[in-house]
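Novice: Protein sequences, first through last, are from chains S and U. Throughout the first sequence, residue numbering follows the working numbering, covering 401 to 847 in sequence. Throughout the second sequence, residue numbering follows the working numbering, covering 401 to 847 in sequence.
Hint data in this document are derived by calculation from the structure and do not stem from the laboratory. Among the clues, some could well be false.
Put simply, identical chains are the same to the list, so a pair is met inside one copy or across any two.
As the list claims (entries may be wrong) - Listed below are the simulated DSS-like cross-link pairs for lysine-lysine, each with C-alpha atoms no more than 30 angstroms apart in a straight line:
{"id": "1", "residue 1": "K472", "residue 2": "K732"}
{"id": "2", "residue 1": "K495", "residue 2": "K472"}
{"id": "3", "residue 1": "K498", "residue 2": "K626"}
{"id": "4", "residue 1": "K602", "residue 2": "K755"}
{"id": "5", "residue 1": "K488", "residue 2": "K732"}
{"id": "6", "residue 1": "K563", "residue 2": "K472"}
{"id": "7", "residue 1": "K700", "residue 2": "K563"}
{"id": "8", "residue 1": "K609", "residue 2": "K696"}
{"id": "9", "residue 1": "K626", "residue 2": "K527"}
{"id": "10", "residue 1": "K496", "residue 2": "K732"}
{"id": "11", "residue 1": "K472", "residue 2": "K755"}
{"id": "12", "residue 1": "K722", "residue 2": "K602"}
{"id": "13", "residue 1": "K732", "residue 2": "K755"}
{"id": "14", "residue 1": "K602", "residue 2": "K472"}
{"id": "15", "residue 1": "K695", "residue 2": "K498"}
{"id": "16", "residue 1": "K719", "residue 2": "K488"}
Protein chains: 2
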Amino acid sequence: MSRAKAQTKQSSYISRDSSRSYFLAVFVSMLLVFVICSLTETLPSFQNMISTTGADTCNGEPPAVNRTHDPKEATFYDEPELTYTLGKTIEDWDKKRKSWLHLHPSFAAGADTRILIVTGSQPSPCKNPIGDHLLLRCFKNKADYSRIHGYDIFYNTACLDPKLCNVWAKVALIRAAMVAHPEAEWIWWMDSDAVFTDMYFKVPLQRYKQHNLVVPGWPDMVYEKKSWVSLNTGSFFTRNCQWSLDFLDVWARMSPRSPDYKFWSETLMSTLSDKMFPGADEQSSLVYLLLTEKKKWGDKIYLENQYDLSAYWVGVVGKLIKFTRTEADAGKNLPLLRRRRAEVVSESVGEVREKYLENNTAGEGKRPFITHFTGCQPCSGNHDPSYVGNTCWDAMERTLNYADNQVLRNLGFVHRDISHGSYVSPLAFDFPSEVLQRKKSGEEYNR
Amino acid sequence: MSRAKAQTKQSSYISRDSSRSYFLAVFVSMLLVFVICSLTETLPSFQNMISTTGADTCNGEPPAVNRTHDPKEATFYDEPELTYTLGKTIEDWDKKRKSWLHLHPSFAAGADTRILIVTGSQPSPCKNPIGDHLLLRCFKNKADYSRIHGYDIFYNTACLDPKLCNVWAKVALIRAAMVAHPEAEWIWWMDSDAVFTDMYFKVPLQRYKQHNLVVPGWPDMVYEKKSWVSLNTGSFFTRNCQWSLDFLDVWARMSPRSPDYKFWSETLMSTLSDKMFPGADEQSSLVYLLLTEKKKWGDKIYLENQYDLSAYWVGVVGKLIKFTRTEADAGKNLPLLRRRRAEVVSESVGEVREKYLENNTAGEGKRPFITHFTGCQPCSGNHDPSYVGNTCWDAMERTLNYADNQVLRNLGFVHRDISHGSYVSPLAFDFPSEVLQRKKSGEEYNR
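Using the sequences and the hints given, assemble the complete structure.
Specialist: What follows is the structure in structure tokens.
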């Protein structure tokens, strides 16, 4: 303010007779601004000027987050009545979150695409002897994906609501995570038995600008078939906003928290065409809310089926070798894809790879983004009886090693046999180039 | 360049008679530069101008890392002979890593304090029925610490070297991690059974400017007692530099990779005063290298004993309740410490807390940074027979819940009873303020 005043004061001194050279000098000054600012690679942009968050940018990149800056100004955290638990409404959340971001500009920059992945499992050991081992490796898989893309991940083993220590646990956790993580625009829930099988695919956030909850699903199966499997709550993400807070509370009203739980259980059984077991589960309840309150909630819920946010494992496991070949072909044809690089920039070839696969496989033989081991129940071990013997566990072992190969590649190793994860071998330089393939198959020597 | 020319050309037009107003205008221009640049909070700094890495800074903060920028210029990754495995020397690593950073300026900024935590466990399920459950929660604990401080973490379940699928596995993993993560200055190994028990303590990196390997240890026990437990390799970090690459190879020459393994096994048994079991383990081998090649390696190895980089669990578990009281007292006396805040800025009160504890507990009753469950062998279950019954498992349960309470606090919850992790309760606002304490003990009502 005082600077602006000083500037005006200076200006007033300028006499009419020197106006010509003055205007020239002003032109010089504009050049100076341009030259000096471009020296710092931070030419002021209109966006910077109107920044409502106070966040600055460098090179179009946001600044690194500043974890040590927490100003003394009051935020929503200082409101005694504001809770992390379901059932107690938070008012003006969007405004409160925005003002927190304003006080923490380094987090405001880039906030609109910031994702927190939340997942978890029961507090006690699994009944299934290999259950916890599978959960450990499923967590490793999610931690790998998070690290590669720079997302934060939180694994919860505590039961936040005594009445929701079941499939509903995620709803209580998402509610708490939204309050604890105002820096995150999206809270992405992943079931413990959901596995990233394409470590380099990124969710197209720009597609969801008008939506607050993104869940894998099919509109016709929801609204026509009224099927409880018309969508899948094993992997979905919700925007950190007032709408979501309100929706979580409405959703949780059908959970065991509700005095009307029995009523909802019966209602779901009678409303949904194919729900075979009693109890109001969180997935059936979401389908029901879409069916009965579409006007109120449906417009903001995106049913995603253009990529696999939760592919059914039975259809995936048999194709893992095929997927490996597809990726090897891509690597043979595009040197850029087989070039070795640091894991932190492995994301850089994601789009090139996606385009190549689109043009050369038409989606055929393209690995799914996420594979969900629905019905396997790795922790209890009580899998769907239709999955005979060790089908589930063998499938999980193969899928986890398949995914791990995408991570190990950047560490210089590979599981030669994805059915046994124990041993890995060093990856040859420039693998899988044609030359190498010929060498391996002996062609070089047969000539 | 052409801009500069244009500028000179303009300047030449300015006539002598208008020099006064010209200089005023130049003054105006300087103000303009200042005003506009400060609007974008990026007043050009000398540091920006001379930046050798090409990285710009914003407000003194480095820019956020750019994961999509991997220029086509050749790096060490393009050298066919460069491997991720032990035994094959990499030459000029410091130069190679520096030039990679130069090509990736957003990673160069802040590189000197960047830490990658590496840990892992065996590829197959544990023999101990609750082994994998404990490993899962030990990993969760490390993932929590990494998220809170913005460190990357990699959990490995593959055996990178068939001869090092044992205590030596870490050496092969660190070697690969150094090559795969040129963005990281420090690779921090953590045994699977090491648990962060102070989630807010940060390692004082500035203390290690002259060192390349930091390991918990005591010089007198190394050089006088020649004890195999004079240091602990359960938690140590090594600088991503040529020295470390060379040292890892020398270290691994005493491992089962070496044809002289038997010789080293016998040599360690005869050299170290208290080594009871045969086999050259990685910890005894490090002690031996300090004893025999101090001149060559010792100067760069920092034996840290000013804080607990690997506290022996037996001395810790009995004090957990005392530690909880100490922290509660700190919270009662310092409103800043009990103020609710976003997890991402929970680091901000770390120093204040450290100072308070120093002045008020003189280190007494201060929780250790890391607690190591040496001898418990959670995965095999074959713990030291001197630990009767479930001592180890109960101790791990309590310690993991104690640590989890520091994480859950920022999620609005608390384990009231750390001996049973299953249930948690919402944390009262402003806990643990005096008023609340009185209310809880009923004093308010007795008046």
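Novice: If a hint holds in the structure, say so; if it does not, say that too.
Specialist: Against the structure, the hints:
1. K472 with K732: between (56 angstroms within a copy, 18 angstroms between copies)
2. K495 with K472: within (18 angstroms within a copy, 44 angstroms between copies)
3. K498 with K626: Answer is neither: 38 angstroms inside a copy and 59 angstroms across each miss the 30 angstroms cutoff.
4. K602 with K755: Within. Shortest intra-copy distance 13 angstroms satisfies the 30 angstroms Cα cut-off; inter-copy 43 angstroms does not.
5. K488 with K732: between (56 angstroms within a copy, 27 angstroms between copies)
6. K563 with K472: neither (37 angstroms within a copy, 55 angstroms between copies)
7. K700 with K563: within (28 angstroms within a copy, 55 angstroms between copies)
8. K609 with K696: within (18 angstroms within a copy, 59 angstroms between copies)
9. K626 with K527: Neither: 34 angstroms inside a chain and 46 angstroms across chains, both beyond 30 angstroms.
10. K496 with K732: For K496 and K732, only the inter-copy Cα distance (27 angstroms) is at most 30 angstroms; the intra-copy one is 51 angstroms.
11. K472 with K755: Cα proximity of K472 and K755: across copies only (19 angstroms, versus 48 angstroms in one copy).
12. K722 with K602: Within one copy only: 22 angstroms inside a chain, 46 angstroms across chains, cut-off 30 angstroms.
13. K732 with K755: within (15 angstroms within a copy, 58 angstroms between copies)
14. K602 with K472: For K602 and K472, only the inter-copy Cα distance (23 angstroms) is at most 30 angstroms; the intra-copy one is 37 angstroms.
15. K695 with K498: within (27 angstroms within a copy, 57 angstroms between copies)
16. K719 with K488: The answer is neither: 47 angstroms in one copy and 37 angstroms across copies each exceed 30 angstroms.
Violated hints for the displayed structure, listed by number in ascending order: 3, 6, 9, 16.
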